[in-house]
Every structure is written in C-alpha cells, then in structure tokens.
Amino acid sequence: MSCRDCTRTDLLRRAVAEAGRGLPEIEPGMPLPAGTGMTRRDFVSRTAGLALAVYGGSALSRFALDDGIAAAAAGQPANQKVLVSVFLAGGIDSLSVLFPAGDPLYYSLRPNIAVGQTQGTPFAEDSRLRWHPTAGGLSTLHSEGKVSVVPAIGYSNSDQSHFTSRHYWEVGATDRGLRTGWLGRYLDRVGTIDNPLQGLSFDTTLQPALATVKMPVATLLAADQYTFAPPGLTAHPLEASMFQEAANIGAAHAVSSDAGLATAGKAALASHHLAAGLGAFAYGFKTPVPYPSSTDPFPHRMAGLAAMIAAGLPLRVATITSPGHFDTHATQATAFNSGLQLTSDTLLAFQRDLESRGVADRVLVHVWSEFGRRGGENASAGTDHGSAGIGFLIGTRLKGQQLGSFPGVTGGLDGSGNLRSTADYRGVYASILEQWLDADANSILPGGAGFQRYSLLK
Amino acid sequence: MAATAPIYTGPFGKLQAERLYWRAGFGPRQGDAEKLSKLGLAGAVKWFTRPTDTGLLGPDPHDEKGRALAPADAVGHDHLWWLDRMVRTKAPLAERMTLVWHDWFATSNQGVGQQQLMLNQNQLFRQNALGSFATMLLAVTTDPAMLIWLNGNQNIKTRPNENYGRELMELFTLGAERGAYTETDVREQARALTGWTGSVTKGVPSAFVLDPTRHDSTNKTIFGQTGNFGWQEACQLCLGHAMHPSFFVSKLWSYFIPTPIDATTLKALQRLYSDRQIVPVLEAILQHPDFYNGPRMVKPPIVFNAGLLRMRARWIDTSVWWSLCQAAGQQLFYPPDVSGWDDTRWLDTATFRSRWFIAALVQGASSPKTSPADPAKLVERSIQYWGFPTVSAQTQTLLAAFAKAQLARNQAPATVETAMRRLVATSPDLQTA
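So the sequences go chain by chain: A and B.
Just remember that the working numbering sits 1124 ahead of the position in the first sequence, which is counted from 1.
Just remember that the working numbering sits 13 ahead of the position in the second sequence, which is counted from 1.
One or more of the hints may lead you astray.
Pair ranges (Cβ atoms, derived) [what the hints assert, rightly or not]:
#, chain 1, residue 1, chain 2, residue 2, range
1, A, Q1576, B, A189, 26 to 34 Å
2, A, T1351, B, A406, 31 to 39 Å
3, B, R200, A, T1534, 42 to 50 Å
4, B, T403, A, R1300, 48 to 56 Å
5, A, S1417, B, D275, 56 to 64 Å
6, B, A255, A, R1300, 17 to 25 Å
7, B, T403, A, Q1576, 53 to 61 Å
8, A, T1534, B, D275, 58 to 66 Å
9, B, R358, A, P1414, 44 to 52 Å
10, B, T231, A, A1503, 37 to 45 Å
11, B, G79, A, H1453, 38 to 46 Å
12, B, R358, A, R1313, 15 to 23 Å
Here chain B is said to cover these stretches of chain A; the calculated rule only asks that three of the stretch's residues, wherever they fall, bring their Cβ under 8 Å from a Cβ of chain B [said to hold, decoys possible]:
#, segment
13, 1197–1203
14, 1226–1240
15, 1315–1329
Just so you know, these hints were derived from the structure itself, not from any lab.
Predicted model only: the values in this text are computed from it and were never measured.
By construction, the Cβ of each residue, glycine as well, lies at the ideal position given by its N, Cα and C atoms.
Given only the sequences and the hints, what does the whole structure look like? Please build it.
Right, dumping it as structure tokens:
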C-alpha cells in the first residue's frame, strides 16, 4: 500500500465521521453510513447486506455468518422484551440510599454519617424512609410509578466476601462451583447459535451472569467502541476484508472437534457477528435526550444501549456496571454521593431516552449490589460489609410497588448488626424470568420453586 | 507394583516441540522447535525443567522514547518488566512457573498498593519456581505483599482475621468442598497465624515482622491435632495433610493439560510429590500422553503477546503492551481476585479485539518492499514472517483463497501480504497451542 493512499483514506474517513454522517464505503461490504432517521427495517437490511464474502470455500457456505443477526432481528416480535442488569459494585449502603429518617436508632448507630432527617425527598410507600439527596432521578421515576424498590434484598446466611456474594448473585444460586450465569442459562434455553447480540456485556470482559454453555454472547465497551482499527496505527486498507476473513477462518475452526480450536474460532466469529450487527454504530449514534456528562463510561454506554434497542437489534439481556465504588469502608459520603448521583441521573436519562424513542415498554432495568452494609458506622466514617441491601426494578410496565418491606433498623438488625432481608434475590430473579422474559424459572434457577414470587407487572 | 505415570510414545517432532514450547514457556523463536525436537521427548522436557542458563537474551527493555523502564514506580512498567523477561529468558519454564505461582498465590497490587513489594514477591516465586513447594509456601505466608493482600498483618490475637488462614487451605494447599478441613480449622489456623505486622504508609513499607504480643500463644486444634502452633506449623500441617498431594498435583496438572487427570496418573504423581519437590511432578506432566494427544489450549494473553514478540525477534521497545494486555484480560500483578485468572474464559468478543490489536502492533506499519502476486507464495511468506509456526491446512486454504480474491480485486500483493500476516497471528492456530 502506498502511504499517500493510506493518508487520503484516513483523512476521508475522519472528515466524514466528524461531520457526523458516517463513513463512505471504501470497500465493498462496508456498512453504509448511518442515517439519523434510520428505521428498524433499514437497519436490518443493512445488517443483512454485510453477509461475508465467502471465498470459494464450499465448506463455508453453510455458515450464514452475519445472516444470523439479521434473521434474529427480523424474526423477533416488535415488542421483544429486553432486560438490562445494572450492577452497583462493592455493596451499596442501602441505609443511605433510602434512609430511615424516622428511626432514632439509625441516628444513634450513625452519629457521623447519617443523612439529615429533612434531606432528600419522602418515599411515598413508607413514611419511615426518604430518598438520598443524590437519588433524585430514582425518586422522580418512583413518583411516576416506574420503580419497584426491594428495600431489604438478600439471602439467608449472607456471605460477606465481595467475591463470593457477587458470585452467588451472578450465578443465581448460593453455589460456589456453578460455572454458568443465571442470565446465561436463560440464553442457553431461548437464544440462537449465531446471535451474540442476545447477551451483551458492556465491560472490559464478560460479566459472569451472562456466561453460557452453548449460545454466543458478546462483550464490548460501548455501542460505538467496537471498532477494529488498531490504536496508533494508520488503518490498513484491507482492514474490513481482513476482519471478515478472520471470521471465515474462525468459522472453519468453530466446528472443530478440538475444544481449543473451536473456542478460538467461535470468538473470531462472534466478534465479527457483533461488529457487523452493530454496523453503522461504529460511526456514532444520536441521542434524543441529554445524559450526564462524565469521564465515567456509564452514561455513554447506557445511551448507546438505548439506541441499539431502538434500532431493533436483537438484544435480550444486557449487563453493565454502574459508576462509583460503593465499598465505602472510610469517609463514605465522598464516593457514595458522587457514585449514586451519576448512577441515578443516568438511569433517569436512560428512561427518558427510551420513552422519547417509543420503546420504553420493551425494557426492564434491574439494579443490584452484592450486599448491603453494617447498620452502625465504623471508626472511619464509613460502613463495613453487611447482609441485606437494596435493589430496584425500573420500567413503564411495572406496578411500581415495593417488593418485601423495610424491616426497620429498630427490630430489623441481626446479631451482627446487619439488616435482615425480607426478599430473596432468587425470588426476584424467578419473578423477572417468569413475568418479564416468559421463561421457566424453575429450570433456570436451582431450587427455583422454593422462592417466593412477586407480582411485578401492571 | 506402584503406579507410574504413562509416558507419551508417539512421534516427537516440530508439532510436539511447539506445544511444549508454548505451554512450558512463551513459544519458540524461529528454528527453536526444530532444534528442540532433535533432543527427543525426555531430553526436551529436561531442557525445560533443568535449565543450566537462566540468563536473558538481547538488549534491555525501554519505552518508545528510549527510556529505561521504572518497574517499581511507573504505572504498567511492572507488567512490561516481566513481559521483557518472558521475551528474553533462556530458561522459559522457570519464567512460566513464576507466572503459575503468581496465579496460584494470586496477589493483586490493587490491594497491596506498592509495586516494589509485588516485584519482591515475584522474585520469591522465581527463586522457588522449580524448587520445593514447602519452601515456597512458608516464604509466601510471610511475604509482605501477601501479608497485606490477605490481611495477615491485621491478624491479631484479640481480633483474628481469617482471610489468609482460609485461602491457605482453600486455594493454596487443600481445596474447597473436599472435606479436607472444617470452619473450626479455619478459625484455628487464623489463630496460629496471628502476630504479623507491617504496612505501607504513603507508599513507604515498614518492616514486616512477627510481634509476639499480637500472637495467640495458647493451644489450637487443627485437623484434630492440638498444640501451641505458630505460622510455620500452620503451613506444615497443610503440607502434611493427607489430601494436600492430590490437590497439588491436580492443580498443577490443570495449568498444562485441559482435560481431567485420570486416577492412575493422579496416584503416580502423588508418589512423585512425596518430598514436596515441584520438578518431578512437572516432568511427568510434560511427558504425559494427554499433554500431546489432548485438545489445544487457548494461550493466556500474556503468553500470546510474549510469543508474538519472540517469533518476530522483537524486544520491548514500547510501553503499549501493558494496556493492550490489560484489555485482553491479563494485566500482570493485577489478577482479578485471590483465585487468579480464569483459564477457561480468556476469549470473548472484547478480548479477541484486544488480541487483534496486539497482533497489529507487533506487526507495526512494516510492509514488504516487493511481494509476489501468487497466492501460494503469499501464504508461505506470511507464515514465514512469524518464524514458520505450524498452521493447519484448513487455515492455509482459506488464506490462499483470501489472497486470490484480493489479488483479483487488484489489491497490491504487498498490501495483501501484510493483511495475511495479521490473519496468521490471529488465527485459531496461533491463539491456541
């Protein structure tokens, strides 16, 4: 390749991308620029148009490659439900998020870090509780009837190790050895073999809740960040064809009887499926409502997710980690306030985005954390690991009523000073699987029949 | 007759030598596999397990501006410093076993917060890499980075911290849910381990010493034995536990062979481990039929990266690798948690992308001056570029078809050839060994 060509192509691509009009087709098979008024049908047909060139390999013709995503998109019902799982890492302090302003014991247990009695906004369902001042977004959505709060969620004999408890939540069972995620097992039952978009992890590596046995799932940083131009290098003129060929080679090995080759082949194939399925998203997307501006990737990831759902991409579940470090052992307020503010504001923007795009009825957001924190503060103006914590469901189809009830600080703490749970996380999972995803919860969650169900939807 | 581990009796050629090089080291440089295969299986395995020269090849590492690395201070330079050793080592297994011990006793600087302490621990792993596991365990137990990481320095007789005592048994010596120990043993172990102090304040480590006033010197009962045990006994009791050898050999096996160990081999390897030496067990694993006959393993990201650099005879001349390798799922000195990296989940769509970038950046912007407009020759040249690794016929056929199609589109042969170099490096053939 000549350097001049390279530079020219690069400049051309960049200039057009900056104009927000997508990129010109510089190679056959490259996605067309994204129109801003792109319809679902347009999108699907463009995605289908990306079917790989199969170079004379008859053995390959049976790999429909990117047809899988197009078929999944075309075949999904117009009201295909999507579950978005948002993880608050570190064990968020539920007694600050929805704080018991009416409980004197709360103030004597937390002389330095309790939230002031008149701060925040009242929680209409329970006069003892108030929303933290930084949780205004959640409070607003709750007042609109779009939030079901689980004020004391957990499980019996709660494990206070981050790793262990998080693992239990991810696999949907208190089983250290379970290797598949609860959402992964759902996808293994209902997913398709050639659509990695069905389970999306917006992260650097796969969120374990999505770990499947047979169905492909995908990991990406954000809708517009799954591009393959190597950082710091001028784009190779054949970058797109090269990537397609890597998928061709991957496809040939994906069916290998050798487990290692098959794994590597499937990864190459799923990567191409994902990039092709995202198509024009590589060049950016438009968002109808403002999101918080932040150096944290969370708002941008959520905005991209809303755009993907609205574009009719065949998503079923998506996982994402919220901003902030909620493992607040010391000077809790600093990290807690900024993390919850950004999370709550972004969740509100995401909901407004979905509503503005007319797809809000298709989406349920599930917010969780691995445990709550100790009732009493520690000597460092922080709180240590506890038991029951807080969770939320957000969506327009919800009844918007709390699941379980707040047990009170007075009378609600166990012998170690940790909040007792009034709702089991597996009961909430089972209710989501059955009522939102129309799945058989008992075959997905070990011992599933034993957990109480909650009526979630209107 | 006592059980002995079966030994591979098939051909030992370039293919087998390549697998040994990738799993016991960081892949062959050009010509290495052919040379190694001439030693035969036993000779080749001994070349790895009994290195005579543990020095380094090539020039010292530097960043893109030619500056020396600062592994104790600069972010990511700890990773680059070790990657450099993997690229330059003359004793690949010693370095690879250092990586195994880093995963086995997984300590993260996330919790330690002092790169020099992590480097000191790394040196401990390297010194004992092919020695005695008993010596290693005792050294690790009082290693400052480990004392911080698993709260051994906060384990006081009045407030025992069970963190290290639990992982000592669960992850390091006995294994969970095998009936090897009880929750009472965890608490008693914690008491035996009390007394260590030391910390890092504002980046400066203090002395890490045993403070007798913080040690619980009353009797403990561990695995049914009672005595005034201290940290050394805590370790010795684990090493002497009837279920330790089976845990040790099975776990070691899993780093080198992806299929489960069979009962006969398990028994034989335990016998080889009778004096807690690592090398006899390793030699049996590296000569086992399952090693050569079984399925391929996905290379860990750091092995993939080091291996591509070795194949290109390139040294550390940029700092780009640490963040790329982090994105590929493996930043050295930062394992995800105390159970280490998950060797069954290296590849997903995000980590595949990062490996694509690693391959691209090892290649750089270089391009052949002239290339033949001949698909077969382009296939051969693009494999030669990486030092002639074995590439399956299936992959080669597809590479040739790609070349043919691109040449038919009037793409310049040199452009096609550079694309094919990437395709070789990222193929399932080179992602696995």
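> Which hint numbers does the structure go against, in order from smallest to largest?
Replying inline: Numbers 3, 4, 9, 10, 13 and 14, in rising order.
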